[in-house]
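Trainee: Throw the hints in and build the complete structure from the sequences for me.
These protein sequences, in sequence, are chains X and S. Each residue of the first sequence is one higher than the one before, counting from 1 in the working numbering. Each residue of the second sequence is one higher than the one before, counting from 548 in the working numbering.
Hints listed in this document are in silico derivations from the structure and should not be mistaken for laboratory results. Glycine included, C-beta positions come from ideal geometry on N, C-alpha and C. Keep in mind that a hint or two might mislead.
What the hints assert, rightly or not - Derived, one-sided and incomplete: chain X residues facing chain S with beta-carbon distance under 7 Å: (1) Gly353; (2) Ser427; (3) Pro431; (4) Pro445; (5) Asn446; (6) Leu447; (7) Glu495.
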Amino acid sequence: MTARLSLAALTLFVLGQLVLAQVSSDRILNAQKEPQNWLTYSGTYMSQRYSQLTQVTPANVKDLELKWVFQARWLDYYQATPLVVDGVMYTTQGNDVVALDAVTGKIFWIYPYTPAAEAKFCCGRITRGLAIHGDTLFLATVDAHLIAIDAKTGRPIWNRIVASGAAGYSLTTAPLVVKDKVIVGPAGGEFGIRGFIAAYDVATGKEAWRFNTVPLPGEPGHDTWGEGWQHGGGSIWVTGSYDPETNLTFWGVGNPGPDYNAETRPGDNLYSCSVVALDADTGKLKWHYQFTPNDEFDWDAVQVPVLVDISWKGQPRKAMLWANRNGFFYVLDRRTGEFLQATPIAKQNWNAGFDNGRPIRTPNSMASRDGVLIYPGNQGATNWFSPSFSPRTGLFYVNVWENTHHIFARADQEYQEGLSYTAGRLSTNYPGRGIAAGMRAIQRPNLRMEEENFGTVRAFDPQTGKWRWEYKQADLTDAGILTTATDLLFTGGREGYFFALDARTGALLWKMQLGGPTQNGPMTYSVNGRQYVAVSASNSLFVFGLR
Amino acid sequence: MRILGLVLSAAILTSAAAAGQTSLAPLPPGNETAGSAIVAGSGKCLTCHRIKTTGSRFGPDLTDIGANRTPAQLQTSLEDPNAEILPENRTFRVVTRDGTTIVGRLMNHDTFVVLMRDAKDQLRTFQKSELREQGFVTESPMPSFRSTLSPQELADVIAYLGTLKGIVAE
Chain X
1 MTARLSLAAL
11 TLFVLGQLVL
21 AQVSSDRILN
31 AQKEPQNWLT
41 YSGTYMSQRY
51 SQLTQVTPAN
61 VKDLELKWVF
71 QARWLDYYQA
81 TPLVVDGVMY
91 TTQGNDVVAL
101 DAVTGKIFWI
111 YPYTPAAEAK
121 FCCGRITRGL
131 AIHGDTLFLA
141 TVDAHLIAID
151 AKTGRPIWNR
161 IVASGAAGYS
171 LTTAPLVVKD
181 KVIVGPAGGE
191 FGIRGFIAAY
201 DVATGKEAWR
211 FNTVPLPGEP
221 GHDTWGEGWQ
231 HGGGSIWVTG
241 SYDPETNLTF
251 WGVGNPGPDY
261 NAETRPGDNL
271 YSCSVVALDA
281 DTGKLKWHYQ
291 FTPNDEFDWD
301 AVQVPVLVDI
311 SWKGQPRKAM
321 LWANRNGFFY
331 VLDRRTGEFL
341 QATPIAKQNW
351 NAGFDNGRPI
361 RTPNSMASRD
371 GVLIYPGNQG
381 ATNWFSPSFS
391 PRTGLFYVNV
401 WENTHHIFAR
411 ADQEYQEGLS
421 YTAGRLSTNY
431 PGRGIAAGMR
441 AIQRPNLRME
451 EENFGTVRAF
461 DPQTGKWRWE
471 YKQADLTDAG
481 ILTTATDLLF
491 TGGREGYFFA
501 LDARTGALLW
511 KMQLGGPTQN
521 GPMTYSVNGR
531 QYVAVSASNS
541 LFVFGLR
Chain S
548 MRILGLVLSA
558 AILTSAAAAG
568 QTSLAPLPPG
578 NETAGSAIVA
588 GSGKCLTCHR
598 IKTTGSRFGP
608 DLTDIGANRT
618 PAQLQTSLED
628 PNAEILPENR
638 TFRVVTRDGT
648 TIVGRLMNHD
658 TFVVLMRDAK
668 DQLRTFQKSE
678 LREQGFVTES
688 PMPSFRSTLS
698 PQELADVIAY
708 LGTLKGIVAE
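Mentor: Set out below in structure tokens:
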């Protein structure tokens, strides 16, 4: 009898532990209520990258010290934002998944994944992170697989081929879990893919719905393409957001293909360079807003939609904030997609204003065979790295690339599966080739002058669209931003510094040289009452805590 | 940062298009041997430039200049040193709090520090917050040779520089 009772008690205890460990849909929905954890790519569904942890303050941030380092066995850049669930960190090294003790950095398990050799990808063998639901992690791979992994053991549960890696489809996003579905979309616009956003059942991997970012014949928006729709791009590069009130999930869609020549795709090229609002249960389009119709400058809409509840002209507003690669900071109504405001975030010469939200092009700002000088350049005035919004300050923080340009020239190119398909040439007015604001100009000595481009943190007031303060760096930055409830802002850049600013003033409070460019979004978590701040530099993850 | 301007310390151009910015008079055929003598002698080129192990490190190293620049680019640079400068040839000037001025080659800089090779070939780091002034130098240290060398001498120098292809494995 005693033995039976003990067994029953043990069974209940084990079951209880399992239930506690589950990351339910409700937990993700209410992630802001457990700031000790980081349950989804952008922290919460609002994607503000704002933490309510308060142990690290402007007064003691100078006492941060390195607690541990995870050196990924991977030579490409580390762009993933880790997840932390109840003291366990889940992150990646390349396309491997790693579970670590969040206090010590010691490894529990590694799920190794080697992408198929025939896979093609334009912009690095990058993954930006994981999603979790229940005890299942979700990994999107650069050869376009979506894999469910047991969070306790690192063993695969299912492996879904989302698209053809050999044809240039790749998955670089951290997936987004909404209720019982995991949502992803492929990158690969530079290879003439035809993009989509798709949801898969978390338990089985079966596709639940698909939204074509380049509409097929018969679908709304198809008539905005001409014949170019077949290889029209429309990539998904970064994770979307979710609004439970409207059950809408929001995703940014990449550039149309070929990147630099619209002759084969006359029209607006919906839904490239747009944000789309989809019903999370069905994938049906509720609304869209296109930032750059008929883009020929590779500007994408490659940002995380930041959802905010603000006062707008004296009235409460469910808004979306978006600093776009095309050089503008947008305020949209996230229930309807209504355009509320757009203001420049950096030097630009293509836009003469807006007509009911539609950009008005300046004269002579269309690409041509001879080339046209456009600000910002093809990497934009900002890029994929996440901004942050602090409800305390009411400010939207984004890393900006100022003074970038390219000379865009159309060229002829026939599509060939699996090969780069951009149909254009880029050049600059800079002396030499090392100053161009490109993705590859990283980890070299910086010899640039300020007028040639620089990176800067800018703190925008959504009410005015203007920045209140900025913190300039001599080099560019690919770092995301984290803000906290103690009005700290953490970010970094290509110079290798990880630093903390006063989120109200932009004053530098602390910095640490990490020896390589910061490329992910800093995040923070807490275990046993101690707050940690994690950030990557080059291919390693650095975790800090107070002395 | 206060920007003081551009320098073309070796008058190295980046492209044929850039070379076309300056009107070039046609030159006679050059003599490499005569050019070598001018570079090492009357032209005083090695006062600032270096070829293999000879000369100064102040200006750009010319050891492989013939592999990287066309004759037209070299002529433009010799006649109009301020036409254009490559970032790696930029000269930087700092003034420390005690008033000491240091001019040298910019090696790297970031938000907080500037790294230079000074006129004594010392690799030095300066905290920007501790500098009274800092910025790029306005004028090229290299004079124009348009009037100080004859067309034949210019052609000779260009012919010689064209033979400098770098360190070749033996």
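Trainee: Hints first: check each against the structure and report whether it holds.
Mentor: Hints and how they fare:
1. Gly353: Violated, because the Cβ-Cβ distance from X:Gly353 to chain S comes to roughly 31 Å (cut-off 7 Å).
2. Ser427: violated, 9 Å
3. Pro431: Since chain S brings a Cβ to about 5 Å from X:Pro431, closer than 7 Å, the hint holds.
4. Pro445: This hint holds: X:Pro445 lies near chain S, its Cβ roughly 4 Å from the closest one there, short of 7 Å.
5. Asn446: holds, 6 Å
6. Leu447: holds, 4 Å
7. Glu495: Check passed: Cβ of X:Glu495 comes within 4 Å of chain S, closer than 7 Å.
The structure does not agree with the numbered hints 1 and 2 stated previously, though it agrees with the rest.
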